[in-house]
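Asks: Please build the complete structure, drawing on both the sequences and the hints.
Chains Y and A, in that order, are what the protein sequence lines are.
By the count of numbering that gives the first Met the number 0, the first sequence reaches residue 161 at its end, each step adding exactly one.
By the count of numbering that gives the first Met the number 0, the second sequence reaches residue 898 at its end, each step adding exactly one.
Don't read these hints as lab results, they were simulated from the structure.
We put the CB at the ideal spot given by N, CA and C, even for glycine.
Watch out, some of these pointers could steer you wrong.
Listed next, with one range per pair, are the computed distances between beta-carbon atoms [as the list claims (entries may be wrong)]: (1) Y/Glu101 x A/Pro857: 21 to 31 angstroms; (2) A/Gly108 x Y/Leu53: 32 to 42 angstroms; (3) Y/Ser107 x A/Glu225: 48 to 58 angstroms; (4) Y/Pro5 x A/Lys408: 32 to 42 angstroms; (5) Y/Ser107 x A/Ser277: 48 to 58 angstroms; (6) A/Arg498 x Y/His32: 52 to 62 angstroms; (7) A/Gly83 x Y/Pro5: 34 to 44 angstroms; (8) Y/Ile136 x A/Ala898: 53 to 63 angstroms; (9) Y/Ile28 x A/Leu3: 39 to 49 angstroms; (10) A/Leu91 x Y/His32: 32 to 42 angstroms; (11) A/Gly83 x Y/Gln18: 36 to 46 angstroms.
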Amino acid sequence: MQIHIPDNPQYRELGAYIQDVKHQKGPLIKVLHKAQSIFGYLPREVQYFVARELNITESSVYGVVTFYNFFSTKPKGENEINVCLGTACYVRGADKVLSMLEDELEISNGETTKDNIFSLNTARCFGACGLAPAVMINEEVYGHVDRKKIKKMLSEYRTKEE
Amino acid sequence: MGKLVTIKIDGKEIKAEEGSNLLQTARDAGFDIPGLCYYDKVSPSGACRLCLVKIDGMRGLTASCTVKVNEGMNITAFDEELEGHRKAIVELLISEHKLGCMTCEVDSGCGLEDLAYRYDVTVDNLPFPARSEHLPVEATSPVILYDPNKCILCERCVKACYEIQGKGILSFAERGIDTYVATDLGGLWVDSNCDGCGECIQACPVGALVEKPSIGKARKWEITKEETICPYCGVGCRIEVEKKGNEIIRINGADGPANDGRLCVKGRFGYEYQMNDSRLTTPLIKENGAFREASWDEALDLIADKFTGIKNKYGSGAFAGLASARCTNEDNYVFQKFMRAALGTNNVDHCARLCHASTVAGLARAFGSGAMTNSIKEFEHADCILVTGSNTTETHPVIATYIKNAVQKHGAKLIVVDPRRIDLVKYATLWLRQQNGTDVAWLNGMMNVIINEGLADEEFIRSRTEGYEDFAAVVKEYTPERVEEISGIPKEQIIEAARVYAQAENGSIVFSMGITQHITGTDNVLSVANLAMLTGNVGKLYSGVNPLRGQNNVQGACDLGGLPNVYPGYQKVVDPDVKAKFEAKWNAKLDDKVGLSVTEMMDGAGEGTVKALYIMGENPMVSDPNLNHVEASLKKLDFLVVQDIFMTETTQFADVVLPSFSSYEKSGTFTNTERRIQLLNPVLDPPAGTRDDWQILQDISNRMGYKMNFTSAEEIMEEVADVSPIYGGVHFKKLGVEGVQWPCKTDDENDRGVLYLHKDTFSRGLGHFSPVDFIPPAELPDKEYPYMLSTGRILFHYHTGTMTRKVSALNSFESGPYAEISPELAETLNISENDDIRITSRRGSIVTAARITDKVAPLSVFVPFHFAEAAANRLTNDALDPIAKIPELKVAACSVEKA
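Replies: So this is what it looks like as structure tokens:
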């Protein structure tokens, strides 16, 4: 299937990077890291471009992209929410925290809000067990999270956007 | 064969080749070690862990499929611990496996089911709960169904797709319990690059991948299997036909010498035509413009009477016959014998005229023999492969897999020279895009560079060839700069290609219609031969000049004398000694003049000198150039007989139509493109009312008073061996699975013919360099017809589509005509994808759907020729190569407009 690749600065940057590293051994993961840092995620077109420029099969790119949790094929929101599902948080009701967030944001785990402000993911233990149940937004850790706190947190980030 | 070493398995001493696969060695020695991921055609992955063994000196348990045999290895293959582990693995697999065995296509032929039985594992006695959630089944491909719930993640399909077919469409996606087999970038199977070869299905040890057209047709135990040769292209793949009663259920690749079990989508899924309702089952006679059914006696008597009348009135020269590249060697032998001995004319030809006549003429002049110099499997081991004018992936799909293997597994350099961005370009080190019809120029350009840079093989030129000086004088004029002007290929690329090819240890040239279908076809072939000789790349294992022949038996139809200038075995009709030999053998007075070629026959019919035409299994009303002319000519004939399995565009003009056998029903032999004569098995009973082609011809001949008494195809081949030296050692009982490659001159069982030609000496003695100058095509784009038209084949259809267009699986990939145009042209003419466009040349006009793609050059149009309703050959030019009489099907000028 033919996929059209636009000629824009992002693709030019990635293309140049690929030319630099393509003769190294096993450059794929490096290139995917770079691609995600440029585009924020790895849509089909970017994967196709990577396969074409590295002269490898599309399937080998897709296999690696879907294997590693780090790589995302969906756009990420400007703010990434991570709910800790580690043991301590879990016994303190992290699953309920997750469903509250899903309610509030009207998305499921792994998705991004329509306004692109938040994406919601889960993680295992931030090392903040004392604050369980804990949630991270970007680099910031929030402890003892409940519905009230969630509303407050989310509105803070929404206000920032405006 | 490597060094033999001794190993011990469960106390038994075994001799094995050092470095061979331990699991395979153990199994060969009778140790039934289980294993599901091991597949001897791909690299081992050690994924399933069932073949675990203990090896002295190695820690823990080792998957034996990943171990190479070493001297002195002491192996435990079976003990209580190992068997316990194996049972536990089977339990884990069963716990994850959707147990739909009673409706599964592979029930009783399933690797996992066999192991469950062996280790007494059922879903009821699992020590842990079975998986209950099910993933959706992927059934969007026209031919392949993937059920991830039955998939055991052995990786065999993934490896088969990449390592065997060279495609790499499949991979594992996701991770852990969510892992499944995905295509390309994870979209739907139908949207992927998968072309449906089904290699993955053949590799699957369970029922996760199955053939969609076979679903629900038969249980495994109702099926019988027989092997024969594929009816399609010239590769000559061996197939295993699974049938229930007289119905084909599925076709698998069998281990034949040309294909090693590989197949393409046509070979595997293209069988449905055989049982099509429209098969002809009774002779038809045309009366008052309409066909009526007739008995065989009536039809054959009528033909014999008409022919006798025409012979008496107009003489033998009023007859012409088209032999068939689809029929067997034996059919073709009897056909040309009938034409020559019974009717008394050399006016016999067939559609090889339209494909490789120039190859036969050119290579005969350069080397003394007009066939592939090497064997198919040698491609995998060439260091450099130059492919030009062959869209190998679509026209010879299994040969393309060996070329891809050479690149991917062995690092071979692939040079593609083609005006279209064909699939092989993806695998190529270099792609040179020449203007259509400038082949002599770029070939001379490469040779100019090779000579100037001192890369020629001077020893080879001195000891093996003649004519070098005259040739070199011409080549001198073709500097890369001048060639760039003529061909449009940047000079740097010509220089680079020359260096890569000339410096390779083993260079192989692959070519096909893109080289041959020109008014300079013979010149092009001579230039290719010059290039090989200049670099010493011929007469060696892996190195040579390899024209790929198109149809299943086009090589054989030529070999057996389906040509106007030669008797079987390329013995010239104008040679009085040869003629005397055949007159004695055949007990008949023979014609001493070269007969008419295909295009000349049509001219003769049009002019009224040819009165009667006999066509066996050909469809010139789609395959020949300038169809409007062909149509007018056929209409002028006094009497036209067509022998076929279906009504075709040609039969409508016939006076009598005779029904014959399909390939699956035939005994006899086909000769594939690597000169290999292979035995067919009649795996199906022919429909009642049909007769085999040679029998029909023999019946007519006998009615006309020229007696033939063959009782079997084998008897015919005995006569062939007697009269044709290159087939002198060909006998059915000697052929077996491997066949033999001509020239095979002796009856010795060990004489299997010749793997590669021209070792030490050329067939003609010295190789002959020909000085060849560039001549432009007969018709080039101009103001009135501004675009370059070329035609060709596509993967999913075969020749004039009489067979493939009756196969629903193939029609689901491509069901009708289209024309490829470039995005640039589409924009200029304001054409969108699938818009109807009218393409017009000086000879005709067609309307078809536009397909916009950068496969074609900006001002070019490509039309597949399979589709009668928008027949490319209404447009093509019937200008001929003066030597080979091949028409210039690859270049014409056309105009394009929105319809």
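Asks: None of the hints should be skipped; say for each whether it holds.
Replies: Now for the hints, and whether the structure bears them out:
no., hint, verdict
1, Y/Glu101 x A/Pro857: 21 to 31 angstroms, "52 angstroms, violated"
2, A/Gly108 x Y/Leu53: 32 to 42 angstroms, "40 angstroms, holds"
3, Y/Ser107 x A/Glu225: 48 to 58 angstroms, "54 angstroms, holds"
4, Y/Pro5 x A/Lys408: 32 to 42 angstroms, "35 angstroms, holds"
5, Y/Ser107 x A/Ser277: 48 to 58 angstroms, "54 angstroms, holds"
6, A/Arg498 x Y/His32: 52 to 62 angstroms, "37 angstroms, violated"
7, A/Gly83 x Y/Pro5: 34 to 44 angstroms, "58 angstroms, violated"
8, Y/Ile136 x A/Ala898: 53 to 63 angstroms, "59 angstroms, holds"
9, Y/Ile28 x A/Leu3: 39 to 49 angstroms, "43 angstroms, holds"
10, A/Leu91 x Y/His32: 32 to 42 angstroms, "34 angstroms, holds"
11, A/Gly83 x Y/Gln18: 36 to 46 angstroms, "54 angstroms, violated"
Comparing the model with each numbered hint stated earlier shows that hints 1, 6, 7, 11 do not hold.
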